[in-house]
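Asker: Taken in order, these protein sequences are the chains called A and B.
In this text, residue positions in the first sequence follow this note's numbering: the first is 1, and each later residue adds one.
In this text, residue positions in the second sequence follow this note's numbering: the first is 1, and each later residue adds one.
Simulated from the structure, these hints should not be mistaken for lab results.
Positions of the beta carbon are idealized from the N, C-alpha and C atoms, including for glycine.
Keep in mind that the hints are not guaranteed to be accurate.
Taking lysine to any residue pairs in the SDA-like style, the calculated list, with each CA pair at most 25 Å apart, reads [what the hints assert, rightly or not]:
no.	chain 1	residue 1	chain 2	residue 2
1	A	Lys50	A	Ala100
2	B	Lys50	B	Gly38
3	A	Lys50	B	Arg67
4	B	Lys50	B	Glu62
5	B	Lys50	B	Met1
6	B	Lys50	A	Ser16
7	B	Lys50	A	Ala15
8	A	Lys50	B	Leu14
9	A	Lys50	A	Val70
10	A	Lys50	A	Pro5
11	B	Lys50	A	Leu14
12	A	Lys50	A	Asp36
13	A	Lys50	A	Tyr34
14	A	Lys50	A	Pro7
15	B	Lys50	B	Pro89
Rough simulated footprint, nothing fancy, chain A against chain B, three-plus residues with beta-carbon under 8 Å [what the hints assert, rightly or not]:
no.	segment
16	16-22
17	81-95
Protein chains: 2
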Amino acid sequence: MRPLPEPALESLTLASVLYALGDPVRLELVRRTYADPGRTCAVEDLGVPKSTLTSHWRILREAGVVRMAVDGRYRRIWLRTDELRERFPELLDVILRLCAEDSPHGALT
Amino acid sequence: MRPLPEPALESLTLASVLYALGDPVRLELVRRTYADPGRTCAVEDLGVPKSTLTSHWRILREAGVVRMAVDGRYRRIWLRTDELRERFPELLDVILRLCAEDSPHGALT
Chain A
1 MRPLPEPALE SLTLASVLYA LGDPVRLELV RRTYADPGRT CAVEDLGVPK STLTSHWRIL
61 REAGVVRMAV DGRYRRIWLR TDELRERFPE LLDVILRLCA EDSPHGALT
Chain B
1 MRPLPEPALE SLTLASVLYA LGDPVRLELV RRTYADPGRT CAVEDLGVPK STLTSHWRIL
61 REAGVVRMAV DGRYRRIWLR TDELRERFPE LLDVILRLCA EDSPHGALT
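Chain A on its own, in the form it takes in the complex:
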């Protein structure tokens, strides 16, 4: 697998991580990726065009929230869970918990 470029942990900012998470589709992608590490970037059931989805994944990757790697025809995705926990203690876990309670798509996975 060929990893895609990603920002170094120390260059992540709180504002850019919050911005990346500040969208209902991206929050749902984060929730699903946490639940299913290494999943592909394909998402069929959110009613989002593929180009929009690609843009959402890119925003998450460039903010340092997810890691992506090319695996043949697919891109595989992981949350940078441990790194985010180190850089922004408690943030990811609080948001994942609220997201599970709040998400209109919470029952879809």
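Based on these hints, arrange chain B on the given structure of chain A.
Answerer: Then chain B, alone, in the frame of chain A:
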């Protein structure tokens, strides 16, 4: 004082609150408002044009993060701290803590 319109607590969404907080200037405004409730909307030292600042305050108000009221020539601002804590437990406190550690303007207030 005349309060400006604000969204009801139950209509707030996690994504819109995170979006509102996902900007370094808005994070700094939130940090200062938490430290100085009822402050005016004037901010001289962030190098942000007044029209941009007005837009940042509006985004924070429309997302339900701050409450604003017209007080003569000024607008006064409060964080909706208790309501945010009720609607999104732990979120605001984690972000305020990280923001204090992370903000490049952390020493300005």
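Asker: Next pair to validate is lysine 50(A) with proline 7(A); report whether the Cα-Cα distance is within 25 Å.
Answerer: Holds, at about 24 Å.
Asker: Does the alpha-carbon distance linking lysine 50(B) and serine 16(A) stay inside the 25 Å limit?
Answerer: 23 Å, holds
Asker: Do the alpha carbons of lysine 50(B) and glycine 38(B) lie within 25 Å of each other, as the hint requires?
Answerer: Within the cut-off at roughly 19 Å; holds.
Asker: Taking beta carbons only, do three or more residues of the segment 81-95 of chain B come closer than 8 Å to chain A?
Answerer: Our answer is that it holds, as 6 residues pass the Cβ test (under 8 Å) against chain A, meeting three.
Asker: Keeping to a limit of 25 Å between CA atoms, is the pair of lysine 50(B) and glutamate 62(B) held or broken?
Answerer: Holds, at roughly 18 Å.
Asker: Hint check: lysine 50(A) vs alanine 100(A), CA-CA at most 25 Å. Holds or violated?
Answerer: Distance ~24 Å between lysine 50(A) and alanine 100(A) Cα, so the pair holds.
Asker: Please verify whether lysine 50(A) and tyrosine 34(A) have alpha carbons no more than 25 Å apart.
Answerer: 21 Å, holds
Asker: Given the hinted pair lysine 50(B) and leucine 14(A), is their Cα-Cα distance within 25 Å?
Answerer: The given pair, whose Cα atoms are some 24 Å apart, holds under the 25 Å limit.
Asker: Between the alpha carbons of lysine 50(A) and leucine 14(B), is the straight-line distance 25 Å or under?
Answerer: Cα-Cα ~24 Å, so holds.
Asker: For the segment 16-22 of chain B, count the residues whose Cβ lies under 8 Å from any Cβ of chain A; is that count three or more?
Answerer: With 7 residues close enough to chain A, the hint holds.
Asker: When you check the alpha-carbon spacing of lysine 50(B) and alanine 15(A), does it fall within 25 Å?
Answerer: With Cα atoms ~21 Å apart, lysine 50(B) and alanine 15(A) stay inside 25 Å; holds.
Asker: Does the structure keep lysine 50(A) and proline 5(A) at a Cα separation of 25 Å or less?
Answerer: 21 Å, holds
Violated hints, in rising order: 3, 15; the structure is consistent with all others.
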